[in-house]
Amino acid sequence: MARDPMDLLQGTLDVLILRTLAWGPRHGYAVSRWIHDRTGGALAVQDAPLYKALHRLEHDGCVDAEWGVSDNNRRARYYRLTARGRQRLKVEESAWRRYAAAVFQVLEPA
Amino acid sequence: MKRRLFRLPRRTAGDIRADVDAEVRFHLEERAEALMAQGVPPDRARAQALEEFGDVDDARRYIEGLDRRTEAAERRRNYLSDLWQDIGYGVRQLRRAPAFAAVAILTLGLGIGANTAIFSLVNGVLLRPLAFPEPDRLFALYSTNHSAGRIEGGVSPLDVDDWRAEQRSFTDLGGYFYLDGLSGLDFTGAGEPQRLTTVFVTPGFFEALAFSPAAGRLPREDEMVRGGRDRVVVLTDRFWRHQFGASPAVLGTTLTLNGAPYEVLGVLPRDLRFPTEGADVYVPYSTIPDQSIPRIRPVRILRVVARVRPGVTAEAAQAEMTTIARRLAAQYPENAAWDDATVRPLRDTITGPVRRPLLVLLGAVGFVLLIACVNVAGLQLARATVRGREIAVRAALGAGRGRIVRQLLTESLVLAGAGCLVGLALAKGTVALLLRISTGQLPRASEVGLDARVLGFAAAASLITGIVFGLIPALPASATDVQGALKQGGRGTVAGRGTRLRSGLVVVEVALAMLLVAGAGLMTRSFVALLEVDPGFVPDRLVAVQFSISTVRHPPPGYANYYQEVIERVRMLPGVISAGAAKDAPFRGVGELIGFTLPGLVVPAGQDAPLAAMLNISDGYFRTIGARMLDGREFTPLDRADAPPVAVVNEAFARRWFPGQRAVGTQLTLDGSTAFEVVGVVNDIRQRAIAEPAQPTIYLDNLQNSRVKTTLVARTRGEPLAMANAMREVIWSLDREQTITTIFTFDDSMRLALGRPRLLTVLLGAFGVFGVLLGALGLYGVLAYLVSQRQREIWLLLALGAAPAAVLGLFVRYGLRLALVGMAIGLAGALAVSRFVGAVLYGVKPTDPATLAAVAAMLLAVAALATWLPARRAAAVQPLEALRAE
Chain A
14 MARDPMDLLQ GTLDVLILRT LAWGPRHGYA VSRWIHDRTG GALAVQDAPL
64 YKALHRLEHD GCVDAEWGVS DNNRRARYYR LTARGRQRLK VEESAWRRYA
114 AAVFQVLEPA
Chain B
87 MKRRLFRLPR RTAGDIRADV DAEVRFHLEE RAEALMAQGV PPDRARAQAL
137 EEFGDVDDAR RYIEGLDRRT EAAERRRNYL SDLWQDIGYG VRQLRRAPAF
187 AAVAILTLGL GIGANTAIFS LVNGVLLRPL AFPEPDRLFA LYSTNHSAGR
237 IEGGVSPLDV DDWRAEQRSF TDLGGYFYLD GLSGLDFTGA GEPQRLTTVF
287 VTPGFFEALA FSPAAGRLPR EDEMVRGGRD RVVVLTDRFW RHQFGASPAV
337 LGTTLTLNGA PYEVLGVLPR DLRFPTEGAD VYVPYSTIPD QSIPRIRPVR
387 ILRVVARVRP GVTAEAAQAE MTTIARRLAA QYPENAAWDD ATVRPLRDTI
437 TGPVRRPLLV LLGAVGFVLL IACVNVAGLQ LARATVRGRE IAVRAALGAG
487 RGRIVRQLLT ESLVLAGAGC LVGLALAKGT VALLLRISTG QLPRASEVGL
537 DARVLGFAAA ASLITGIVFG LIPALPASAT DVQGALKQGG RGTVAGRGTR
587 LRSGLVVVEV ALAMLLVAGA GLMTRSFVAL LEVDPGFVPD RLVAVQFSIS
637 TVRHPPPGYA NYYQEVIERV RMLPGVISAG AAKDAPFRGV GELIGFTLPG
687 LVVPAGQDAP LAAMLNISDG YFRTIGARML DGREFTPLDR ADAPPVAVVN
737 EAFARRWFPG QRAVGTQLTL DGSTAFEVVG VVNDIRQRAI AEPAQPTIYL
787 DNLQNSRVKT TLVARTRGEP LAMANAMREV IWSLDREQTI TTIFTFDDSM
837 RLALGRPRLL TVLLGAFGVF GVLLGALGLY GVLAYLVSQR QREIWLLLAL
887 GAAPAAVLGL FVRYGLRLAL VGMAIGLAGA LAVSRFVGAV LYGVKPTDPA
937 TLAAVAAMLL AVAALATWLP ARRAAAVQPL EALRAE
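Sequence order for the protein chains is A and B. Taken in order, the first sequence gives residues 14 to 123; the numbers are from this note's numbering. Taken in order, the second sequence gives residues 87 to 972; the numbers are from this note's numbering.
Read the hints as simulated data drawn from the structure, not as lab findings. For glycine and all other residues, C-beta sits at the position ideal for the given N, C-alpha and C. Hints may be right or wrong, so weigh each one.
Said to hold, decoys possible - Per the computed footprint, the stretches of chain B lying under chain A, defined by three or more beta-carbons under 8 Å from a beta-carbon of chain A, are:
| # | region |
| --- | --- |
| 1 | 133-141 |
| 2 | 155-166 |
| 3 | 847-855 |
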């Protein structure tokens with residue numbers, strides 16, 4: 014198996030996906046674009062780990078998937094946040110904020 | 087978590103692969119198109135989309151695996167939530183029909199409870215392994231004399247030694263001597279003198295059973311043989327607690343037993359109850375002096391227990407023992423006729439006599455559960471008809487047939503579960519009751535209880551019950567024709583099929599009820615026959631005090647004086663009408679076997695003399711117990727040791743050996759030496775068991791042929807047990823150290839002797855009544871249902887001028903036809919199992935036509951009533967009124 018970058022990114026990727034879906038149901042491609050656009054491409058997120066993360070979140074019951082129709086009339090798999098996913102987002106988001114704040118405190122000159 | 091209203095159909099592995107492909111393709115195409123829209127050439131766009139995606143195949147594999155797991159988890163969740171939904175639905179349905187639920191749960195509870203109670207007896211007595219390590223390797227060994235028909239004979243101590251030395255099949259074997267009420271030792275020097283119930287054991291006994299002592303140690307080989315330091319004693323846990331408060335300090339001290347000091351070596355584990363639950367101490371057999379029990383081969387008084395080596399079969403062990411016994415028979419003339427040995431699993435020898443009765447009970451109670459099952463199935467079926475519309479609606483809304491069956495099944499299992507709880511509660515009480523009324527009837531009674539296996543049995547019985555009575559009505563109900571049911575305004579179309587099914591159920595119920603009442607009827611007849619047995623004595627107001635005379639304190643000839651003096655003084659007690667003594671009271675021992683010869687009777691060379699039972703009694707014994715002399719006289723105080731030896735024989739003996747002649751006046755030669763003149767013939771006295779006719783028996787006067795075991799019997803004017811104290815005082819006034827083995831009344835003995843048949847009769851009777859009630863209920867139910875279904879036809883018939891009696895007859899005939907078919911089947915079943923049941927009956931054949939006819943007539947009468955009641959209601963209605971109401 015190829016080297017898996019997900020181990021590095023896993024926690025980050027999950028919280029990004031959940032955050033994205035918090036705005037409403039969307040398909041994998043849309044999630045991918047949204048993250049890319051929001052970060053201005055700063056985070057080099059590959060799509061394979063993204064889909065893996067989506068399906069893992071589905072397995073964990075954080076998101077629900079259903080086939081729907083995309084804007085240009087194609088069958089697409091839509092993901093939607095579940096109550097559990099929303100809860101998980103809340104927890105991880107605050108953890109990330111605290112983590113980031115801590116890192117910033119170290120990096121900011123006193 | 088969100089619950090979908092309509093679930094997506096489940097995805098197969100192929101579906102999942104297709105979905106993942108479609109998702110990835112969608113992504114790549116979208117990305118490529120977006121790039122192309124930015125002016126990237128198509129080839130480059132597709133390549134860049136792929137590159138941005140990363141390892142497509144790896145992702146696909148990973149996602150497919152994950153999705154399959156997600157799908158499986160989802161399926162499990164759905165199944166559980168469906169199950170909960172079904173259970174909730176079932177409970178609500180039952181709550182909506184409380185009468186039905188109550189009847190069904192109670193019926194099942196009774197059925198399951200009765201089964202669980204009986205099974206817990208079977209479990210404790212027959213199924214639970216004996217409380218020894220690897221109990222299946224334990225066997226009982228017997229000396230066998232085929233020519234005398236003695237298969238499971240005792241073994242002499244000398245033979246035990248030889249067997250032990252020669253055999254290779256067993257890791258060890260040992261003999262033990264224990265007779266209820268006889269094998270005992272006098273324990274003195276610690277408060278009141280006590281008679282200790284003693285098991286005398288040979289070397290190898292403890293090793294064969296292979297257990298470790300709870301405290302101290304077991305005797306070594308050299309402490310269990312003549313010439314060794316064999317004055318040692320091992321205490322049972324019970325005696326240790328009772329007498330010494332479980333103090334370890336008693337180890338190493340000495341107890342005074344029969345006037346001699348015995349060192350306390352150890353204490354047995356609490357669950358060692360072999361061969362009796364009542365033992366106090368275990369002592370080496372070698373301590374029994376020769377003048378008490380001679381150590382010679384013809385004295386075959388030991389039982390033997392042996393443990394086979396791993397891998398040795400019972401057949402191989404049997405073959406070796408036969409070889410050894412044959413060799414000993416060739417070597418020792420005393421063993422000539424005892425030229426075989428018998429090897430039996432130890433468990434069989436412990437539970438043998440109760441095995442059949444318990445299995446009969448288990449079978450009967452199983453039928454009760456079947457009837458309960460069929461009955462609840464009938465009730466469910468009736469409800470299914472009513473619920474036809476509800477089920478049709480559910481089917482119309484898209485519930486599959488499987489789903490409906492599952493739902494009905496779940497409902498049945500809810501019922502069965504509730505029934506199981508009721509049953510367990512009932513069983514707990516019933517087991518306690520059963521144990522109380524079966525005191526002394528059951529070996530291993532202390533091992534009976536509700537253990538894991540019994541609980542498992544109850545759960546399994548409930549589960550199977552639930553499936554059986556759930557499936558029967560569920561199948562036709564689920565096949566309901568949806569449109570028809572809805573069109574008919576709630577009248578389900580299962581009616582036709584349902585009626586046939588219900589009639590079939592009723593036939594089954596009546597058949598089972600017939601089987602049960604046949605069993606109950608036969609058992610009752612058998613019990614009555616037992617009650618009518620003339621035991622040969624009159625048990626009213628007879629009290630007995632049993633003791634063993636010490637030959638140390640009363641060596642002959644003083645022995646005879648002491649014996650006679652006790653009897654004479656008891657006779658003088660106010661309140662005593664008459665008194666006498668015997669070695670064994672009826673049902674408390676069978677005396678001994680003795681070889682005899684008669685004048686004119688030629689014993690062919692090489693054959694043993696014929697054997698008869700022999701019992702030592704005192705003068706006045708027959709008069710006291712109410713036996714009648716048919717000829718001649720009974721013993722008198724003049725038949726002393728120095729007088730000519732005399733004997734009395736019973737009627738069975740006279741009939742067997744003196745057919746058409748007078749026995750009185752002839753000479754009996756006993757044991758090939760002393761001649762005894764027959765002076766009287768007494769009526770047959772049942773000695774071994776109430777159900778066993780008396781054996782040919784020779785009675786000897788205890789003054790001329792003495793035995794130490796003495797059962798002093800007195801007939802009293804008033805309450806018999808009240809005299810026991812006075813009798814004991816008389817004994818103690820003559821010998822302060824005399825221990826008393828036991829005190830009982832003859833009425834107690836009769837009660838005990840009748841206890842097991844009474845228990846069987848009561849239980850089978852209860853099962854029979856239960857079966858008949860349920861059968862009648864089923865019959866009533868189907869008729870009432872039929873009447874309600876045909877109500878309009880009936881009204882029309884009546885309105886058109888049909889005689890009510892004719893309409894009534896129509897229904898009664900239908901009901902009785904069902905009953906008769908059921909009874910015929912039940913009767914056939916009863917005849918089929920008659921051979922098995924016959925073994926527990928006394929005085930009545932299992933095919934007894936009178937009994938079977940009587941119970942059939944009774945059942946038919948009940949069936950007639952059960953059909954007549956609903957039919958009458960149908961015919962009694964005023965047709966015009968009814969039509970108007972409709």
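List of violated hint numbers, smallest to largest = Checked against the structure, the only hint that fails is number 3, while the rest are satisfied.
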